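Turn these sequences into a full structure, and let the hints steer you where they fit.
Top to bottom, those sequences are chains A and B. Each residue of the first sequence is one higher than the last, beginning at 1 in this note's numbering. Each residue of the second sequence is one higher than the last, beginning at 1001 in this note's numbering.
Simulated from the structure, these hints should not be mistaken for lab results. Any given hint could be a false lead.
[Said to hold, decoys possible] Subject to a maximum C-alpha distance of 25 Å in a straight line, what follows is the list of computed BS3-like cross-link-like pairs (lysine-lysine):
(1) B/LYS1160 / B/LYS1146
(2) B/LYS1058 / A/LYS44
(3) B/LYS1146 / B/LYS1130
(4) B/LYS1160 / B/LYS1172
(5) A/LYS49 / B/LYS1058
(6) B/LYS1160 / B/LYS1130
Being a predicted model, the structure only gives us computed values, none of them experimental.
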Amino acid sequence: MTPDTHTHDNSPDEDPIRYLLHQALPRIGDAAQPRRDLWPDLLKRLDEKPAPVPWFDWALLAGLLGVVVFIPASIPVLLYYL
Amino acid sequence: MENESNDVLNAFRHGSVDAFEALFRLHQRAVYGWILRIVRKPTVAEDLTIETFWRIHKAHARFDPARGFEGWARRIATHAALDWLRANRTEAALTVENFPEPASTLATDPAITGETRTRTARALARLPAKLRVAAVLALVEDLPHKEIAAALGISVAAVKLRVFRAIRMLRKDLEQQGIRP
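What follows is the structure in structure tokens.
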């Protein structure tokens, strides 16, 4: 992260909304770091297999293809609703 | 930020897990810190750091070593954080207790009550995700518009517009709550 290149006057006159926000929320800055090693969790995530597509989605797709093949005139209607 | 060698970047692009781990070790803190600035919850920021690097790994073949890793990672991190804010509007509400150790030690203004601070934080949390990210980075974290624009993948003018709209919405929200900024 790059250091801040400008600072703002923290007086209510300069920018009231910014001043209020500074009062309400502390600036986090560059010093934050994770409290634990995230690599093992990332490895676990990478090893996860993608969820299988539900059978209903396949059935829907097959039905849609059937409509397109047997009733080509429906293509503009389908495109309109996509 | 330390610079990674071209060999590591090229190896990552070709799918090397060792190179990916090297890049992860080098950049995880910066990515985590960036996400934390946006979501402001350490646990969520950790989860989103994992999500970001998972997205980075999935997109390794599209990575262009000539354009550098840090900016690319930051853009992906920003979008992961934005996705989370959109999907978790209630959970994303800001409260003062949510914040880790602050970097700033701005003196507390006795004229501003705790109630006003809480209402201000909630008003910020009610902003649409796109405006909230721009407002937090520009008005709370005081980052330059250019840096925010690069992270969001938009122009500086678009960042200024988002900050302007965020301020307008915040002012209106606060006035409705009886707070006159």
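Consistency of the hints with the structure:
1. B/LYS1160 / B/LYS1146: With a Cα-Cα distance of about 10 Å, the restraint between B/LYS1160 and B/LYS1146 holds, given a limit of 25 Å.
2. B/LYS1058 / A/LYS44: 14 Å, holds
3. B/LYS1146 / B/LYS1130: It holds: about 16 Å lies between the C-alpha atoms, which stays within 25 Å.
4. B/LYS1160 / B/LYS1172: 18 Å, holds
5. A/LYS49 / B/LYS1058: Since the Cα atoms of A/LYS49 and B/LYS1058 sit roughly 13 Å apart, the hinted pair holds (cutoff 25 Å).
6. B/LYS1160 / B/LYS1130: 12 Å, holds
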